[in-house]
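Since the structure of chain A is already known, use the hints to place chain B on it.
Protein chains: 2
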Amino acid sequence: MSHPPPVPMSATLAADAVLARRRAAGERVLTLTSGEIGLPVLPGLAARLGAAAGENAYGPVDGSPALRGAAAGYWTRRGLVTDPDQVVAGPGSKALLFALLLAVGGDVVVPVPGWVSYAAQARLAGARPLPVPIVPGEGGVPDPDRLREAVADARAAGHAPRVVVVTVPDNPTGTVASDTTLRRLARAARDLDLVIVSDEIYGDLVYDTAAPAVSPAVHAPERTVVTTGLTKNLALGGWRTGVARLPDGEPGRGLHTRLVAVASQIWSSPPAPVQAAAAYAFTEPPEVLERIAASRRLHERVVRAVADRLAAVGARTAPVTATCYLYPDFEPHRASLTRLHGVRDGDALAALLLDRHGVGVLPASAFGEPGRPLRIRLATSRLYGDTDERRTAALTADDPLALPWIRADVDRLGEVLTAVTGAGTPAALAPHP
Amino acid sequence: MSHPPPVPMSATLAADAVLARRRAAGERVLTLTSGEIGLPVLPGLAARLGAAAGENAYGPVDGSPALRGAAAGYWTRRGLVTDPDQVVAGPGSKALLFALLLAVGGDVVVPVPGWVSYAAQARLAGARPLPVPIVPGEGGVPDPDRLREAVADARAAGHAPRVVVVTVPDNPTGTVASDTTLRRLARAARDLDLVIVSDEIYGDLVYDTAAPAVSPAVHAPERTVVTTGLTKNLALGGWRTGVARLPDGEPGRGLHTRLVAVASQIWSSPPAPVQAAAAYAFTEPPEVLERIAASRRLHERVVRAVADRLAAVGARTAPVTATCYLYPDFEPHRASLTRLHGVRDGDALAALLLDRHGVGVLPASAFGEPGRPLRIRLATSRLYGDTDERRTAALTADDPLALPWIRADVDRLGEVLTAVTGAGTPAALAPHP
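Chains as they are written, first to last, in full-length UniProt numbering: chain A, 1 to 433; chain B, 1 to 433.
Don't read these hints as lab results, they were simulated from the structure.
Just so it is clear, the structure is predicted and the values come from calculations on it, not from any experiment.
Check the hints yourself; a few may be wrong.
[Said to hold, decoys possible] Derived, one-sided and incomplete: chain B residues facing chain A with beta-carbon distance under 7 Å:
#: 1; residue: V7
#: 2; residue: Y58
#: 3; residue: Q121
#: 4; residue: S264
[Stated by the list, open to error] Listing some non-contacts, in silico: residues in chain B with all C-beta distances to chain A over 10 Å:
#: 5; residue: D145
#: 6; residue: A293
#: 7; residue: L354
#: 8; residue: D411
[What the hints assert, rightly or not] Derived list of chain B stretches under chain A, where covered just means 3 residues or more per stretch with a C-beta under 8 Å from a C-beta of chain A:
#: 9; stretch: 12-24
#: 10; stretch: 43-51
#: 11; stretch: 59-71
#: 12; stretch: 89-102
#: 13; stretch: 227-237
#: 14; stretch: 252-261
Yeah, the Cβ is synthetic: ideal placement off N, Cα and C, and Gly gets one too.
Here chain A stands alone, though its shape is the one from the complex (with noise of 0.2 Å):
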């Protein structure tokens, strides 16, 4: 029982576990680490939880009915003409996402850098995972000229690739792959005949609602599978629920045959009286899209307010149009890292944020990213508040940053940026006891 671990823990929640210990402990901690969205349940779902807590039959495998149906209804409004019998619900779209590797086979390609599980999924599935860098700016989808050479090397080197793993909008990135660049992906996975798996959990997560993200599944329908849940846009993670299109006609339903029987062998069916609550969620009723559309301001200006805290120092971050997530590189600061505090990557750095200055963030290497990148990347969706009084306030506030608590850590970690980068080290600034 000694052997190493088949994967390492996954990064987001292993220094969430740390910093939930140094909170503990009484430590001040800035938790910039997991995506965790840190704002309450909309009272109207808590309400349907409840009243389905009758419900303890196991149900279908693939979901319930009406849950499936709802779903179908949120693929449809968005242009994805959605049959129920496409939809297969799970405990969570990581769960789904683990189960679809199994089910399609093979080696499975996917971005760099790209959300910490997808490679050791891929690995725990039997399967070699392929990372092939982003288009820059571009995060989420393997820049498909690269794909293709990966890809080709991969075959010719007795590998088996079939799956491209792509997640629009990104995490880690904060960025939307183009539809000049998915439409290029759908025509390299249709050539090299890849399945593609298209994590859509940030979906509704773009801040110009008039230039939603475009699916790889309007482009290549008939090999696109899409994933996406509640625990973005609705801050349901601890709910765990999630829900996967699948392509229509035969081959689609070759796949669906297959994903079901993992996950009858796997995990039975979703909690039931949490598909009731999903169901009416993804029948999107005026109160979950404002409730959305409340969330999704709140994430742009505290994300923006970041991104102004990173320009100020220097760092390099592209341009952030969805999710909590910003990527800043601190490249331009290599020289002084180095110099004032031995730091020569983003796990470097990461560390000193963290034992000096009390700040969470994950490194470039939990996102699979090679070489020694000063990159780290930032969550913002814990910067809300601690309680359900101020995350209320939060989502309802016209200028969230004049909230106390938001502007003392939005303030702070523009302090210790300015510090770790020597642009000055006030005694204010000194690192805590």
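Only chain B this time, still in chain A's reference frame:
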């Protein structure tokens, strides 16, 4: 996307889906397929789920401190002293079993007959299932002598078995392995350096509460992982909650690290509102203990009534001492089953019962039985009624067999058994249209 599924659909869940469709089409069906417990949610648990609807944070990967503490108490009260840090909670014990196979690695010895998902999970984890027959009448535990032989043979052939899965009490046989057999199993596992994964989901459903099942963790504490949940004792299958108890000491801590890493990449954390209710259940307040006792009595009464019907037609069934399962052998009727119906194995017998009589059961092949035994598994846990009202009446009845809906189903089953075994086919028993 068209190659065959990596695993078959769970036989129980697949059969349930077929029966649900037939029932929805207006057909009269008798559902003896899956061990879903057809009883209502205890109101105190439903209330706690609803009260926790506002809990939307992921929380720790291994489960909330409250749930882990309560589960530790549950095991400690049963003689397995447990620290909360030895406990990992998950979205069902099924998911935990799968993650354990990934976390330990290596091939997996499974009992024959054995629960439908062990072998499939081993395959999904990239391992080889190694089937080993039980000691007759002691289901769920591979015969320790045959286990030694099988592992020696597998190792000689270059394979690497590292885990043996046991089910105590057992599904599908409804029997409980003896302490002697479990001691021998523990010794074999120690000699062979195998981890024992002991699925004890039916632990509270041994009819004779003065003679509870012995966990192999008693005899091989350093290498036994115990899993359980609330699916069977409290009918909460649809809520998806389970817990695993890992060995203490260094090897157990190593496995804990590996298991939590796998969990963090597949499911993040168990559903938070469900954890709150589960934590309450595992503290075992009087209302919970009373409910479990009432369920146990009900299972026993109905199982015994069905056992009587099986005995009446001459099917052989090991004495059931726990759970809600019977695993009769119709070998005494082989000649007449073949002559009357062309039935030569459990699959054909199950098909006959379903197609001609609307009675859903599972064939022995679903439990990995080789050859062509005339065995089927009957689950009696869906005979308690179709409504919460009837199910509550079943739980509280002095004589549940006197309730007309239970009596009618048990009588009908007896008549169908009489008909198929050729003990007479009066007009009333003719195949329904």
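Practice item. Grab the minimum beta-carbon distance between D145 (chain B) and chain A and tell me whether it stays above 10 Å. Key: holds (25 Å)
Exercise for review: Using 7 Å as the Cβ threshold, decide whether V7 (chain B) counts as touching chain A.
Suggested key: Where the cut-off is 7 Å and the nearest Cβ of chain A is about 5 Å from V7 (chain B), the hint holds.
Check your understanding: Hint check: is the beta carbon of Y58 (chain B) less than 7 Å from a beta carbon of chain A?
Key -> holds (5 Å)
Point to revise | Assertion that D411 (chain B) lies outside the chain A interface [Cβ separation over 10 Å] | key: The assertion about D411 (chain B) holds, with a minimum of 25 Å to chain A.
Review point. For the stretch 227-237 of chain B, do at least 3 residues have a Cβ located nearer than 8 Å to some Cβ of chain A?
Key: The restraint on the stretch 227-237 of chain B holds, since 3 of its residues have a Cβ under 8 Å from chain A and three suffice.
Review point. Do three or more residues of the stretch 252-261 of chain B come closer than 8 Å to chain A, measuring C-beta to C-beta?
Key: This one holds; 7 residues, not fewer than the three required, reach chain A with a Cβ under 8 Å.
Review point. Regarding the assertion that L354 (chain B) does not contact chain A, is the least Cβ-Cβ distance greater than 10 Å?
Key: holds (19 Å)
Point to revise | Assertion that A293 (chain B) lies farther than 10 Å from chain A (Cβ) | key: holds (19 Å)
Exercise for review: Count residues of the stretch 59-71 of chain B with a Cβ under 8 Å from any Cβ of chain A, then say if the count reaches three.
Suggested key: holds (count 3)
Review point. Taking 8 Å as the C-beta cutoff, is the stated coverage of the stretch 43-51 of chain B by chain A satisfied by three or more residues?
Key: n = 6 at 8 Å, threshold three: holds.
Practice item. Against chain A, run the beta carbon of S264 (chain B) and see if the smallest gap drops under 7 Å. Key: Holds: closest Cβ of chain A sits about 4 Å from S264 (chain B), inside 7 Å.
Review point. Against chain A, does the stretch 89-102 of chain B show at least 3 residues with beta-carbon separation below 8 Å?
Key: The restraint on the stretch 89-102 of chain B holds, since 6 of its residues have a Cβ under 8 Å from chain A and three suffice.
No hint from the list above goes unmet by this structure.
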